[in-house]
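Participant: Here's the letter readout for the chains.
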Amino acid sequence: MKYLTGLAVALLLCGCETVQPWERGTLAKEEMQWQSDVMEGRMRDQIHASKEASSGGTGAAGGGCGCN
Amino acid sequence: MSARDDNNKQSTLVALTSSALLLPAYQAAADAPPEYTELGVRYSKYEEDDIEGKKSFGGGSERYEIDIAQFHLLAPVGDNLSLALDVQWEDMSGASPWFVGESSSGPRVIMSGASIEDTRTEVSVATRYYYDRGNAGISYTYSDEDDYESDAFSLDASLNSEDGMTTYTAAISSSWDDIEPTQGSIPTNAVDEEKDIRSAWIGVTRIVSRQAMVRFGLSYTYRDGYLTDPYKSRDSRPDERKEYTFSTGYRHFFDEYDAALHLDYRYFDDDWDIASHALDVAWVQNLPEDVQLTPFFRYYTQDEARFFNVVTETTDRFYADDYRLSAYGALTFGLRVRKDIGNWSVNATGERYRSDQSWSLYNGNEAPGLVDFWRVSFGLDYTFR
Numbered sequence: 684m685k686y687l688t689g690l691a692v693a694l695l696l697c698g699c700e701t702v703q704p705w706e707r708g709t710l711a712k713e714e715m716q717w718q719s720d721v722m723e724g725r726m727r728d729q730i731h732a733s734k735e736a737s738s739g740g741t742g743a744a745g746g747g748c749g750c751n
Numbered sequence: 023m024s025a026r027d028d029n030n031k032q033s034t035l036v037a038l039t040s041s042a043l044l045l046p047a048y049q050a051a052a053d054a055p056p057e058y059t060e061l062g063v064r065y066s067k068y069e070e071d072d073i074e075g076k077k078s079f080g081g082g083s084e085r086y087e088i089d090i091a092q093f094h095l096l097a098p099v100g101d102n103l104s105l106a107l108d109v110q111w112e113d114m115s116g117a118s119p120w121f122v123g124e125s126s127s128g129p130r131v132i133m134s135g136a137s138i139e140d141t142r143t144e145v146s147v148a149t150r151y152y153y154d155r156g157n158a159g160i161s162y163t164y165s166d167e168d169d170y171e172s173d174a175f176s177l178d179a180s181l182n183s184e185d186g187m188t189t190y191t192a193a194i195s196s197s198w199d200d201i202e203p204t205q206g207s208i209p210t211n212a213v214d215e216e217k218d219i220r221s222a223w224i225g226v227t228r229i230v231s232r233q234a235m236v237r238f239g240l241s242y243t244y245r246d247g248y249l250t251d252p253y254k255s256r257d258s259r260p261d262e263r264k265e266y267t268f269s270t271g272y273r274h275f276f277d278e279y280d281a282a283l284h285l286d287y288r289y290f291d292d293d294w295d296i297a298s299h300a301l302d303v304a305w306v307q308n309l310p311e312d313v314q315l316t317p318f319f320r321y322y323t324q325d326e327a328r329f330f331n332v333v334t335e336t337t338d339r340f341y342a343d344d345y346r347l348s349a350y351g352a353l354t355f356g357l358r359v360r361k362d363i364g365n366w367s368v369n370a371t372g373e374r375y376r377s378d379q380s381w382s383l384y385n386g387n388e389a390p391g392l393v394d395f396w397r398v399s400f401g402l403d404y405t406f407r
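One line per chain: the protein sequences are A and B, in this order. Taking this note's numbering, the leading residue of the first sequence gets 684, the next gets one more, and so forth. Taking this note's numbering, the leading residue of the second sequence gets 23, the next gets one more, and so forth.
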């Protein structure tokens, strides 16, 4: 519940500046993407998931692997 | 100016206006298929440091190394669809910790011997439908190893607010995994087992300013079935695991430096009493001659599982001495460089991962099997403009 509250507060706080569609050129840049390199992201997620006890956070979990 | 020039000018203006109007908060990419087909390949080498002689019985030992090849294709199909194909091949070899025993100088690992030889092939196909205020995708992933097979489906959808300032996203996934440990080199805990994974995720992305975006996400994952490591001698885990994550991310573009700051954080918690924090920071610096340099840093720390012990008793119902379930901290430093040449793009990445109990935010005894590794990748991308 504390996370949901934090989420709501953060959204309210950052809702102060309306950015018009024609002002979103910078946000559309490739270097502003959440994940700009699909293959790099996949591999890093897989390495961390197989070498650490926790995973996820970027979407629904995928299938497992027998990685040791 | 001719009428044709005038028409061209008008259609360019219409195209620019339409694409700008379609820019949602999520990904900031228009809710339309990619304009061009994109193709990419990567080769990566992952190599773990040898385990030190003082931490293992029988002197130092080599650990795991993996050669990885990846292929990615993303293509527009008509006006509202895209199709993606991802293939990954891995060739794995080396040794991994088998169990931990007590010695006069403290706990030491007994390695499995250089007995692991395995290959993995993963094929993923995905299609995405784009509508006025969002997009929705479906994907299927098949992964096959000598001792492991997995089928996974996922569905996701996003919806932009009317003003395009906020994007809401939801995703669900399901996987069915079969485990058949390779028999022969070391005794295994299982012969033929199964596990299922169900997961759901919701996220909100919000435009903060002309230069910044923020996102938040919550996920729940349920694992059910054989969750014990079949190759570890002293390992018995519950057959159920419930995991929760809270994640947030921030992107900020600095016009004065022509660079973007990436911040990502994830908190993880589960019913095995494991909790973790992961913080990722990257600085994407554009340089002259279409060169991009990205130094990145990651800090990770986790608490130990409730049934973990450095040297474990096998009399309890659940027990494990797997270093991956211990309390530790890990630091990653990396650098990525990219150069665009016309429709081509070449890139190289190197990263160093080191782990240590003293870097953990959580108390616990150090597992002697903690891993350090190097990873280097080389890639080539082509856009069919």
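It should be emphasised that the hints constitute simulated quantities derived from the structure, not laboratory data. What you are looking at is a predicted structure, and each value in this text was computed from that prediction instead of being measured. Keep in mind that a hint or two might mislead.
[What the hints assert, rightly or not] Restraint ranges, calculated between C-beta atoms of paired labels, are given here: (1) A:A711 - B:K361: 20 to 30 Å; (2) A:T701 - B:W396: 40 to 50 Å; (3) A:V721 - B:I194: 17 to 27 Å; (4) B:K76 - A:G708: 53 to 63 Å; (5) A:G708 - B:Y164: 31 to 41 Å; (6) B:T337 - A:S733: 51 to 61 Å; (7) B:P317 - A:T701: 12 to 22 Å; (8) A:E706 - B:D166: 46 to 56 Å; (9) A:G708 - B:Y272: 16 to 26 Å; (10) A:K712 - B:N102: 50 to 60 Å; (11) A:A711 - B:S115: 35 to 45 Å; (12) B:P317 - A:S733: 42 to 52 Å.
[Stated by the list, open to error] Stretch by stretch, here's where chain A covers chain B in the computed footprint (C-beta under 8 Å, at least three residues): (13) 178–192; (14) 239–246; (15) 300–310.
From the three backbone atoms N, C-alpha and C, an ideal C-beta is built for every residue, glycine too.
Participant: Could you run down the list of hints and mark each one as holding or not?
Facilitator: Okay, the hints, checked on the actual structure:
{"no.": "1", "hint": "A:A711 - B:K361: 20 to 30 Å", "result": "holds (22 Å)"}
{"no.": "2", "hint": "A:T701 - B:W396: 40 to 50 Å", "result": "holds (46 Å)"}
{"no.": "3", "hint": "A:V721 - B:I194: 17 to 27 Å", "result": "holds (20 Å)"}
{"no.": "4", "hint": "B:K76 - A:G708: 53 to 63 Å", "result": "holds (57 Å)"}
{"no.": "5", "hint": "A:G708 - B:Y164: 31 to 41 Å", "result": "holds (39 Å)"}
{"no.": "6", "hint": "B:T337 - A:S733: 51 to 61 Å", "result": "violated (29 Å)"}
{"no.": "7", "hint": "B:P317 - A:T701: 12 to 22 Å", "result": "violated (33 Å)"}
{"no.": "8", "hint": "A:E706 - B:D166: 46 to 56 Å", "result": "holds (48 Å)"}
{"no.": "9", "hint": "A:G708 - B:Y272: 16 to 26 Å", "result": "holds (19 Å)"}
{"no.": "10", "hint": "A:K712 - B:N102: 50 to 60 Å", "result": "violated (24 Å)"}
{"no.": "11", "hint": "A:A711 - B:S115: 35 to 45 Å", "result": "holds (43 Å)"}
{"no.": "12", "hint": "B:P317 - A:S733: 42 to 52 Å", "result": "violated (25 Å)"}
{"no.": "13", "hint": "178–192", "result": "holds (count 5)"}
{"no.": "14", "hint": "239–246", "result": "holds (count 4)"}
{"no.": "15", "hint": "300–310", "result": "holds (count 3)"}
Hint violations for this structure: numbers 6, 7, 10, 12, all remaining hints satisfied.
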